[in-house]
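Engineer: Chain by chain, the residues run as shown.
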Amino acid sequence: MTTSSGAQHQTLSVLVENRSGVLARVSGMFARRGFNIISLAVAPSDDPRFSRINLVINVEETSVEQMTKQLFKLVNVVKITELHPSEAVERELLMLTVAAGANQRGEVMELVGIFEARIVDVSPAAVTIMLAGEPDRLDDFEDLIRPYGIVEIQRTGRVALPKVRKAS
Amino acid sequence: MKMTGAQALVKSLEAEKVEVIFGLPGGAILPAYDPILDSPIRHILVRHEQGAGHMAEGYAHVTGRPGVAMVTSGPAATNMVTPLCDAYMDSVPLVVITGQVSRSFIGTDGFQECDTVGITRSVTKHNELVMDPAELPMLVRQAFHLASTGRPGPVLLDVPKDVLQAEIDFYWPSDEDVAASLPGYKPTVKGHPRMIKEAARLISEAQRPVIYAGGGILKARAAEALRELAERAGIPVVTTLMARGAFPDDHELCLGMPGMHGNYTAITALQQADLLVTLGARFDDRVTGRVDAFAPHAKVIHVDIDPAELGKIRQPDVPIVGDCRQVITEIVKALGDAPQPERSEWRAMISGWQERYPLHYDPYIAGDALKPQQVMEVLRDSAPEGTILVSGVGQHQMWASQYWKFNEPYTWVNSGGLGTMGFSVPAAIGAKVGRPDRTVWAVDGDGCFQMTAQELVTASSERIPVKVAILNNAYLGMVRQWQEMFYEERYSEVYLSPDLPDYVKWAEAMGCAAFRVEDPDEVEPTIAKANSIDDRPVVIDFRTDAREKVFPMVPAGASNDDVVVHPAQSTSTRKVVQ
Chain A
5 MTTSSGAQHQ
15 TLSVLVENRS
25 GVLARVSGMF
35 ARRGFNIISL
45 AVAPSDDPRF
55 SRINLVINVE
65 ETSVEQMTKQ
75 LFKLVNVVKI
85 TELHPSEAVE
95 RELLMLTVAA
105 GANQRGEVME
115 LVGIFEARIV
125 DVSPAAVTIM
135 LAGEPDRLDD
145 FEDLIRPYGI
155 VEIQRTGRVA
165 LPKVRKAS
Chain B
66 MKMTGAQALV
76 KSLEAEKVEV
86 IFGLPGGAIL
96 PAYDPILDSP
106 IRHILVRHEQ
116 GAGHMAEGYA
126 HVTGRPGVAM
136 VTSGPAATNM
146 VTPLCDAYMD
156 SVPLVVITGQ
166 VSRSFIGTDG
176 FQECDTVGIT
186 RSVTKHNELV
196 MDPAELPMLV
206 RQAFHLASTG
216 RPGPVLLDVP
226 KDVLQAEIDF
236 YWPSDEDVAA
246 SLPGYKPTVK
256 GHPRMIKEAA
266 RLISEAQRPV
276 IYAGGGILKA
286 RAAEALRELA
296 ERAGIPVVTT
306 LMARGAFPDD
316 HELCLGMPGM
326 HGNYTAITAL
336 QQADLLVTLG
346 ARFDDRVTGR
356 VDAFAPHAKV
366 IHVDIDPAEL
376 GKIRQPDVPI
386 VGDCRQVITE
396 IVKALGDAPQ
406 PERSEWRAMI
416 SGWQERYPLH
426 YDPYIAGDAL
436 KPQQVMEVLR
446 DSAPEGTILV
456 SGVGQHQMWA
466 SQYWKFNEPY
476 TWVNSGGLGT
486 MGFSVPAAIG
496 AKVGRPDRTV
506 WAVDGDGCFQ
516 MTAQELVTAS
526 SERIPVKVAI
536 LNNAYLGMVR
546 QWQEMFYEER
556 YSEVYLSPDL
566 PDYVKWAEAM
576 GCAAFRVEDP
586 DEVEPTIAKA
596 NSIDDRPVVI
606 DFRTDAREKV
616 FPMVPAGASN
626 DDVVVHPAQS
636 TSTRKVVQ
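Note that the protein sequences, when read in sequence, are chains A and B.
Here the first sequence stands for residues 5 to 172, where the numbers follow my numbering.
Here the second sequence stands for residues 66 to 643, where the numbers follow my numbering.
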């Protein structure tokens, strides 16, 4: 996965009609045109007629302009907002289960503390941790926790909103 | 008003002023075929669903109205995939209705179930599975609106059997209802005024401009506007394979077809141009050859109603999203009365190429098979005024486009983008249904003909008197040509036999008048005979010379500068002016 700090990726926030098959249309278009999706998140918007699809795309492989135009050709796509990393607030959620028996639990807990993560489940041999934050931070946490033995990991796609303009 | 979904479907089609449906019934679509009996809409029963799709395309090409096809679920829907893709590639407005298993069976692998909307998603402008019977009229209205506005294309409605059987309250949505129901669909038709001004400025400054006219001109009904622009600015015009007829071939500014098998002048004018006025064209690889070597000195004005075409292949200097007719009219206005540059040098270069490299083929030698190009010329010269020419895909298609004189829009129907062999017979039938007042000739290859010839049974039984000229060289000719030129004459799986099938007997068995022509003296009288027959389809089996190749030719992947002309012309020095 590309990290969020580089300029290789960009987020497209796509407002679509809330109809069945729309996600298939969007992902199918990307597949057919040979565009790559790095991450994907879909959720209802504040208007029940529409859903919001957050797509993180690789802008080195294909021009964002061409992707956006092809996307906009889909009849159910209502609006597309391009969010450049420097102009957007991006967050992602990670859950992972790490094999942490009595010996390692302390060290794992220390990392949980540093990253302000939360323990959401615990058993004698393992803990399940949840961390929300910038995708970069999630990468760092994942790297640090890996040596303890990750049993299972799940990350959501990235969600993003444009930064609020500060009054000057 | 209470009625069944099936009745609502047919009533909606009537409300859309559909005059003909090409189709074939089956299990899931059965309910829709009952109200067809009581409808003024003509239904043409095809012999294969692919034929229905191509007929609808032929109808749409010549009338400009969406062609309508209706078939059942499963295999019927999959047989429709080729015409849908063909229509998608060539921006042909179609509305296709497919039956589907009842809603409760969807996903259970029911009899004749397939995921039609899934399969056709990437080959339609839009498609919908109708799950709510009450939505049927609105979805039909949307389908026609989407198919025929913006960049036209095929729209498919997949209708489960029980949706057709359900009872609904019929209402016919207004234009406003339709617009409100499609919040994401607002094609831009009016060009940006600043860009239009900029286009006019570039045109007025260009020394070697060429108008690169594509199929979008025809879709936008912009042939008149194009002519006005060309004449006002004095700019020569190339017409792509999809735009043949959009600008009259007999006009002094017409350079004909560019591209892989275009004529030398059209190809070279684009290469040497300092400005391309690209109108409703999409820089297809068959036109550009090697893209980075295409028109290297040219600035580009690109007008298209589909924003995604601008910058897809070639970055334009002046991109204009809009309807070709409106934008061209605005450009002409912006040009005003200001004088255009002299450009006599450019005109001289062009006429020099035209003189030196006209289309050429070796003359017939007694004892040889017929020259296919000569057959095309006789067919052209014998054709009644306003004849519509339809072709399949391959050598014959290129000869048809090269040797015919298209002087009127909507008289040329072919499969350009997808290159669908077997297109011509059904497309010709659809064209004849759309324009029964016109003579319709299909030019076909023997390979193509064998793919869809059974639709001549449809033509005979429905009394649709199309005419088919088979250029029978007993080969998959274009593949043979490539194997000859690029695979050291190693002919692999291209021989078809001239006599198997016996085309005359076959055509007669399908209710057609049929002739075979081997003698060049018989070409003209046989065509005259065919032209005089108007009560049934006619098929002529022309025995043509398999050694004939299509020239000029730009080899695949080569630069257009490296166009290969006919061997008889290649000895003279070719001069490329920089």
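Be aware that one or more of the hints could be misleading.
As the list claims (entries may be wrong) - With a straight-line cut-off of 20 Å between C-alpha atoms, the simulated EDC-like cross-links for lysine to aspartate or glutamate are:
id : chain 1 : residue 1 : chain 2 : residue 2
1  : B       : K364      : B       : E232
2  : B       : K614      : B       : E583
3  : B       : K377      : A       : D51
4  : B       : K251      : A       : E69
5  : B       : K377      : A       : E64
Think of the hints as simulated: they come from the structure by calculation, not from any bench.
Keep in mind it's a predicted model, so treat the numbers as computed, not measured.
Engineer: Now tell me, hint by hint, if it's right for this structure.
Structural biologist: Hints, verified against the model:
Between the alpha carbons of B/K364 and B/E232 the distance comes to roughly 59 Å, so the proposed pair goes past 20 Å and is violated. Proximity of B/K614 to B/E583 is assessed by CA-CA distance (about 19 Å); at most 20 Å being required, the pair is judged to hold. A hinted pair counts as satisfied when its Cα atoms are at most 20 Å apart, and B/K377 with A/D51 does not qualify at roughly 34 Å. Restraint check for B/K251 and A/E69: the C-alpha separation of about 18 Å stays at or below 20 Å, so the hint holds.
For the hint linking B/K377 to A/E64, the alpha-carbon distance of about 16 Å falls within 20 Å, and the restraint holds.
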